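Visitor: Let's have the full structure, built from the sequences with the hints guiding it.
First to last, the protein sequences are chains A and B.
At position 42 of the first sequence the residue is numbered 80 (our numbering), and the sequence of numbers has no breaks.
At position 138 of the second sequence the residue is numbered 176 (our numbering), and the sequence of numbers has no breaks.
No lab work stands behind these hints: they were computed from the structure.
Please note that a few of the clues may not be correct.
As the list claims (entries may be wrong) - Below, computed lysine-lysine pairings styled on DSS-like, alpha-carbon distance capped at 27 Å: (1) K156/A / K54/A; (2) K137/B / K54/B; (3) K50/B / K137/B; (4) K54/A / K137/A; (5) K154/B / K156/A; (6) K137/B / K156/A; (7) K156/A / K50/A; (8) K156/B / K156/A; (9) K154/B / K50/B; (10) K154/B / K137/B; (11) K50/A / K137/B; (12) K50/B / K50/A; (13) K156/B / K54/B.
Remember, predicted model here, so these are calculated numbers, not experimental data.
Number of protein chains: 2
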Amino acid sequence: MMSRFTSTYLNKVDRKGRVSVPAPFRTVLDGQGSGVFYLKRNEVDGTIDGLTEAYMDDVQDRIDALPMNSPEREDAEDEFFADSTEMRCDPDGRIILPKALMELANIDDQALFVGKGKSRFQIWHPETYHARRAERASSGRPNILHRANN
Amino acid sequence: MMSRFTSTYLNKVDRKGRVSVPAPFRTVLDGQGSGVFYLKRNEVDGTIDGLTEAYMDDVQDRIDALPMNSPEREDAEDEFFADSTEMRCDPDGRIILPKALMELANIDDQALFVGKGKSRFQIWHPETYHARRAERASSGRPNILHRANN
DNA sequence: TAATTCCCCATGATATTCCATGACATCCCG
DNA sequence: CGGGATGTCATGGAATATCATGGGGAATTA
Numbered sequence: 039m040m041s042r043f044t045s046t047y048l049n050k051v052d053r054k055g056r057v058s059v060p061a062p063f064r065t066v067l068d069g070q071g072s073g074v075f076y077l078k079r080n081e082v083d084g085t086i087d088g089l090t091e092a093y094m095d096d097v098q099d100r101i102d103a104l105p106m107n108s109p110e111r112e113d114a115e116d117e118f119f120a121d122s123t124e125m126r127c128d129p130d131g132r133i134i135l136p137k138a139l140m141e142l143a144n145i146d147d148q149a150l151f152v153g154k155g156k157s158r159f160q161i162w163h164p165e166t167y168h169a170r171r172a173e174r175a176s177s178g179r180p181n182i183l184h185r186a187n188n
Numbered sequence: 039m040m041s042r043f044t045s046t047y048l049n050k051v052d053r054k055g056r057v058s059v060p061a062p063f064r065t066v067l068d069g070q071g072s073g074v075f076y077l078k079r080n081e082v083d084g085t086i087d088g089l090t091e092a093y094m095d096d097v098q099d100r101i102d103a104l105p106m107n108s109p110e111r112e113d114a115e116d117e118f119f120a121d122s123t124e125m126r127c128d129p130d131g132r133i134i135l136p137k138a139l140m141e142l143a144n145i146d147d148q149a150l151f152v153g154k155g156k157s158r159f160q161i162w163h164p165e166t167y168h169a170r171r172a173e174r175a176s177s178g179r180p181n182i183l184h185r186a187n188n
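Guide: Shown next, in the form of structure tokens:
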């Protein structure tokens, strides 16, 4: 069925703080797991990362391989667990965005859901996202994925 | 079996935005996967790229190899995931073209499907396509694939 | 109690499915 | 070789389902 987070969807955040998770995203989440997913602080871009359960399982495995009490492990745990929230949609497909994440991403009454492939999506303040893309577009960075075959 | 997207097909876009995907293209899509495919913004040519699931799987693998949160990765994800839409034909072999893509390609009531080989096709505004080809034909560029044997 | 979260229902808009038609190609049998 | 039957395909419309959104109210928590 639906296998990737693609496209973008602009949804309203209502007075109670509820947002609909785009139906195609819900399909992906339901398809690869129990429908549980994680919202994580993205400090680099000032936005919210949505991660699938499968992705977090993989992160967990890699953290488990690090020595207990090592600074590397503490850092990873704080980033992926302390700074994340486990989420699941309500019966109408909505979630309530945690306040701390809304502040980080500067979200008020609109939320832009952005597909990021197999295991990730993001939730942006719409204008922040478009500004960020415009910046990157003008940077003149070559597209490293273009290649000869296919 | 049919293994490549070839030839061109001019189909109608009805009032609801529906277009028939040419039957031979559907055969290719069904043959190499679940029938899912992707429509992607082609900013370079002002048209729509259709990509097979296999092609996107390959793109995904190469993106997964890039460091998370790097500008290169963000660029690639935005281009291939945020600016693409996962599609599948309805029971009659039709899709509805996303509005943003119709605007990009300047498509209104006609869509020209253009075969591009094993893993790609395009959807053009018919006149834009023919104009583009005429331009290139008059540029006098030699065809680098022509050779003596075979 | 006050505030918050969760669940249920309602609604308009949009998308999806289902069915009908006509054009065209293919097939089959006389 | 011809011509009718059959099937596929693109297209159109109507019926049906889904989705995002809003509000009421019960349950939960502080």
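Visitor: Are the Cα positions of K137/B and K156/A separated by 27 Å at most?
Guide: The hint holds at about 24 Å.
Visitor: Between the alpha carbons of K50/B and K50/A, is the straight-line distance 27 Å or under?
Guide: Violated, at roughly 34 Å.
Visitor: Does the structure keep K156/A and K54/A at a Cα separation of 27 Å or less?
Guide: Between K156/A and K54/A the Cα gap is close to 30 Å, so the pair fails against 27 Å, i.e. violated.
Visitor: K156/A and K50/A were given as a pair; does the straight-line alpha-carbon distance stay at or below 27 Å?
Guide: holds (25 Å)
Visitor: Run the distance test for K54/A versus K137/A: straight-line Cα separation, threshold 27 Å.
Guide: Holds. K54/A to K137/A sits at ~12 Å (cutoff 27 Å).
Visitor: Between the alpha carbons of K50/A and K137/B, is the straight-line distance 27 Å or under?
Guide: holds (19 Å)
Visitor: Has the given pair, K154/B with K50/B, been kept, meaning a C-alpha gap of at most 27 Å?
Guide: At roughly 20 Å apart (the allowed maximum being 27 Å), K50/B and K154/B satisfy the hint.
Visitor: Mind checking the alpha carbons of K154/B and K156/A for me, to see if they're no more than 27 Å apart?
Guide: Holds: K154/B and K156/A sit about 25 Å apart, inside 27 Å.
Visitor: Hinted pair, alpha-carbon criterion (27 Å max): K154/B, K137/B. Please report holds or violated.
Guide: holds (23 Å)
Visitor: Does K156/B pair with K54/B here, judged by a C-alpha cut-off of 27 Å?
Guide: Status violated; Cα separation ~30 Å.
Visitor: Hey, K137/B versus K54/B, does the alpha-carbon distance stay inside 27 Å?
Guide: holds (11 Å)
Visitor: K156/B and K156/A were given as a pair; does the straight-line alpha-carbon distance stay at or below 27 Å?
Guide: holds (23 Å)
In the structure shown, a violation is registered for the earlier hints numbered 1, 12 and 13, in ascending order.
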